[in-house]
Amino acid sequence: MNIEIIAQMVVSGALMGLVYALIAYGFQLTYATSKSINFGQGELVMLSAFFSLTLLNIGVPYWLMVPGGLLFGAALGLLVERAGVRLALQQKSEGWILLTIILGLLGFSSAENIWGRDDRPFPTPISSDALHVFGINITPLEISVAIGVFAIMGLVELFKRNTLLGKAFEAVSADRDAAELMGISATRTIMLSYGLSGMVAAMAGILISPITTVGPTMASALILKAFAVAVVAGLDSGFGVVLVGIVLGALESLTSFYIGSGWREAPGLVLLILALAVRPNGVFGKATIRKV
Amino acid sequence: MLKRFLLLRGAEIIVLMALASVPLMVNNTYALGLLTLLAIYGILLIGLDVTVGYLGQVNLAQAAFLGLGAYAAGLSATMLGYGMMASLSISMLVGLVLGGLLAFPALRLDGPQFALATLSFSALSTTVLNEWEGLTSGAQGLSLSRPTWLGLSMDAQGFYWLCLLMLALVWMLMRNLLASQWGRAFEALRDSPIATDAMGVGTYRHKVAGFALGSSLGALAGGLYAFNFQYLQPQSFTYDLMVILLLGVVLGGRKSLWGAFFGACLIVLLPNLLSNKLLFELISAAGLLLAVVSGVRAWKSKSTQHFQILAPIVAMGILVVGGFMVENTENWRKAIFALMLFSVVVGLPDGVMGYIAKLLTRILRVPPADIAAAVSLDTVLPKRESDGQTLLELNDLQRYFGGVKAVDGISLKVRAGQVHGLIGPNGSGKSTAVNVISGLYAPSGGEIRLQGKRLPSGSLLKVARVGVARTFQNLQLFGELSALDNVMVALKGVYRTPLPLLLLGLARAEEQRAQGEALALLELVGLKAQARMAAKDLTYGSQRFLEIARALARKPALLILDEPAAGLAHPDVQVLITLIKTIHERGITIILIEHHMDVVSELCDVVTVLDGGKVIAEGVPDEVKRDAKVIKAYLGVVQDDAPSDAVDRKEAPAC
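In order, the protein sequences belong to chains A and B. For any residue, its number in the numbering used here is found by taking its place in the first sequence, counting from 1, and adding 60. For any residue, its number in the numbering used here is found by taking its place in the second sequence, counting from 1, and adding 700.
In isolation and in its complexed conformation, chain A is listed as follows (with noise of 0.2 Å):
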């Protein structure tokens, strides 16, 4: 094997899994809060992606295209939790499964309708002539992408331990009804953390969007990569998903090189699966303690 091809596929894989790990780290910060997750998180990347294109499309310039378009995921999260999400929580039933499955349906079709089904180029004024780093080719377009997903990581990170809103956040993730009890709104703070959740989502289709392309499936695969980081990390893992997203997003451009590019999507269904049985609480998380 020529270890130059390994080295080559390893690190374009692992740029990848940066996205897988920035979905996740979304689905993180819904689950801290409120132990939920909004199952048409795909949707909203997509959804996200097809605003920011048009944006550019009626001339708004790249650098003012990108906040327009996190505020846009920001609002569809914030949709996703009332519409889907909070009636449930009330409940104490799982329904918000299903119900964000639904909402993430009709984001689906909506998309389908109104941008059309093919799959569109995604305009940058980043360049994408390679470079040359001992022997490996890396493009200034996918280094980007890695500042992005640390720089909002970063961000949101920052927010929560720095801000009183941040903080209410961390209250609230670490007991609920303490929290409530010290006078903080749980419903707000669930619904701060989609409305961070959608952003962090509108940022990652941004990121990916120019090398991908945009269209209505552009995130179908997208997304079971996404969960099966954050269940294999564990949905309460903090940082551990970039290193599981680098892992995955590596592995499976190797499995796809040797074995075939229809199995690209094999290694992290079977990891997910292999997760939920071996260490349901994932490689990172913390075991709990049943109660009665």
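Check each hint, because a few of them may be wrong.
[Stated by the list, open to error] Simulated pairs of lysine to aspartate or glutamate, EDC-like, Cα-Cα distance not exceeding 16 Å:
| no. | chain 1 | residue 1 | chain 2 | residue 2 |
| --- | --- | --- | --- | --- |
| 1 | B | K1034 | A | E172 |
| 2 | A | K95 | A | D235 |
| 3 | A | K152 | B | E1180 |
| 4 | B | K703 | B | D1070 |
| 5 | B | K1113 | B | D1070 |
| 6 | B | K1192 | B | E1210 |
| 7 | A | K152 | B | D891 |
| 8 | A | K95 | A | D237 |
| 9 | B | K1192 | B | E1211 |
[What the hints assert, rightly or not] Chain B is faced by these chain A residues, among others (derived, beta-carbon under 8 Å):
| no. | residue |
| --- | --- |
| 10 | L131 |
| 11 | A135 |
| 12 | L139 |
| 13 | L158 |
| 14 | L166 |
| 15 | A234 |
| 16 | F287 |
| 17 | Y318 |
| 18 | G320 |
Note that these hints are calculated values from the structure, not bench results. Backbone N, C-alpha and C define an ideal beta-carbon position, used for all residues, glycine too.
Following the hints, complete the assembly by docking chain B onto the known chain A.
Showing chain B alone in chain A's frame:
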């Protein structure tokens, strides 16, 4: 009773006859195709309803099982030359085995993890069907021809009757199964997995069995699907189909065979409904009307939240308005499903058939099913002779949570036939001790012996099965089940009919006996009149008594009551005391955790006092109350003139 029987069975037979006679009256290939598909989807949805309705889990793998079953049957017929029945059996076997295997990882999971496991399984099976080209011919698709049945070649009409026959069989067997202890166990584990284990029923085995059963029905439907279309492609069994299937079950109505049937009708007719614009507008208008009417009624009764009323109206409103604005409704197929599904999930949780069934029951005055007469209490709980020997023995029992020593070396003996009190201030380790004994937690050290034998550690189920029953301080009832069913789930020593006979409906005598025994226990705790009420609708006090009746259904040697008087009103406390005395007279040994000292004084033969995870005193109640260490534990300081009944005044709330 007769009226109920005639109405229920009559409806089934009439619909079956009507469906069977259609091909004799109309000669239309298209209609026949739809009807065949209806029978196939009926079987598929009945299977899906086991997990989604009874087990209460979001299952996203049923479309995959349809596909796997279809390929299994198709390949058996083409490559192995099997006949119709052999191929279908292979399908079911594949569904059963793969469903069981998938359910293993789902062992301790519920909520998002379970749904994710099934979602990954679906995606994985699509990948395998697509990529394993040597076997499945991949994306090109697999052509096959319909095999013979008993040497007869089947035309479209014959095949339709076969599918209908299968549906009728599945319907009958599932009706018997779901009305039995199995169906109750499925629902029980949905409401409280912990109590299902603690009542000796077994959460895990029922979950796996339920999921495997539902999957094998999905695969059976897949086999029929293969022989119906005689051409298979992996793309037919993806996520999109799964969402449509969920639509069918949820819209039709969960936990209902008729709901599954209605859902199947809907799925089969949907493409036609969507392609005809007028029909679509009529349906969406009817949906809006339904949402508004049921919304107004709900608003009047003030029982539901505004969101539950408004959201379906808004969703159906969008559907109606959208229907006028959009030219081609087929393109918006998924959005239409989504809006309909959303309205039903939010506004009509029982589904359309659930709604209709309630309405019809009221209009036709269908009486509820009879309950067998209560048997005498002596049959259910025969008096035990107690020899006063040690029944339960704890030796240096420990349980740590990280650095917290919740139970730190407790040793005590509980003698047969006694009421043994366990008291102590909040956080003294009483509940943890009981949780370790009953198997919720494994001990960190020490041992527990019941009648000299080591008690299984760390398994609620195993401990329950050797004769220890318990109640829970924070109630763990099966909320959706009736009071009677709550007791029947836990009943020990009644259910003996083997599964095949039970499926054929030959367990009726046993079911009658179970009802009689359960009713006797309800009578004992004073809930006979509320037997049919759902446990979640009972008053708080009644729920506490129901927990005791349910624990007694285990016919236990040792009964652990974890703060049975917590939150009870004073008159109820008196009733509770009388009840515990009656149970005591039957020779059942009782461990009583309680904060009400009057209750403890009146009932207990011996009291053990815990503090900081250790035993600080033991003896008859009056002695213990005067013990200086006990008073110190409760009040913090020892005063010379401390009143002797200081403990009486302490009525701490449940911790």
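Quick rundown of the hints versus the structure:
For the suggested pair K1034 of chain B and E172 of chain A, the alpha carbons sit about 10 Å apart, so the restraint of at most 16 Å is met. A threshold of 16 Å between alpha carbons decides the hint, and for K95 of chain A with D235 of chain A the separation of about 12 Å falls inside it, so the pair holds. With a CA separation close to 14 Å, the supplied pair K152 of chain A and E1180 of chain B stays within the 16 Å bound. Proposed proximity of K703 of chain B and D1070 of chain B is supported: the alpha carbons are some 12 Å apart, at most 16 Å.
Proximity of K1113 of chain B to D1070 of chain B is assessed by CA-CA distance (about 45 Å); at most 16 Å being required, the pair is judged violated. Between the alpha carbons of K1192 of chain B and E1210 of chain B the distance comes to roughly 12 Å, so the proposed pair stays at or under 16 Å and holds. Using a Cα cut-off of 16 Å, the hinted pair K152 of chain A and D891 of chain B holds, with the two alpha carbons roughly 12 Å apart. The hinted pair formed by K95 of chain A and D237 of chain A meets the criterion: a straight-line CA distance of about 14 Å does not exceed 16 Å.
Using a Cα cut-off of 16 Å, the hinted pair K1192 of chain B and E1211 of chain B holds, with the two alpha carbons roughly 13 Å apart. Because the smallest distance between the Cβ of L131 of chain A and any Cβ of chain B comes to about 24 Å, over 8 Å, the interface hint for this residue is violated. Below 8 Å, beta-carbon pairs count as interface contacts, and A135 of chain A has none with chain B, the closest being about 18 Å; its hint is therefore violated. Because the beta carbon of L139 of chain A sits about 12 Å from the nearest beta carbon in chain B, more than 8 Å, this interface hint is broken.
Here the hint on L158 of chain A is kept, as its CB sits about 6 Å from the closest CB of chain B, short of 8 Å. With 8 Å as the threshold, the beta carbon of L166 of chain A comes within range of chain B, its nearest partner Cβ sitting at about 4 Å, so the hint holds. Look at A234 of chain A: its Cβ only gets to about 16 Å from chain B, farther than 8 Å, so that hint breaks. The beta carbon of F287 of chain A is positioned within 8 Å of a beta carbon in chain B (closest approach about 5 Å), and the interface hint is therefore held.
Taking 8 Å as the C-beta cut-off, the interface hint given for Y318 of chain A is violated, the closest approach to chain B being about 14 Å. The beta carbon of G320 of chain A comes within 7 Å of a beta carbon in chain B, closer than 8 Å, and the hint placing it at the interface holds.
In terms of the numbered hints stated before, the structure departs from hints 5, 10, 11, 12, 15, 17, listed from lowest to highest.
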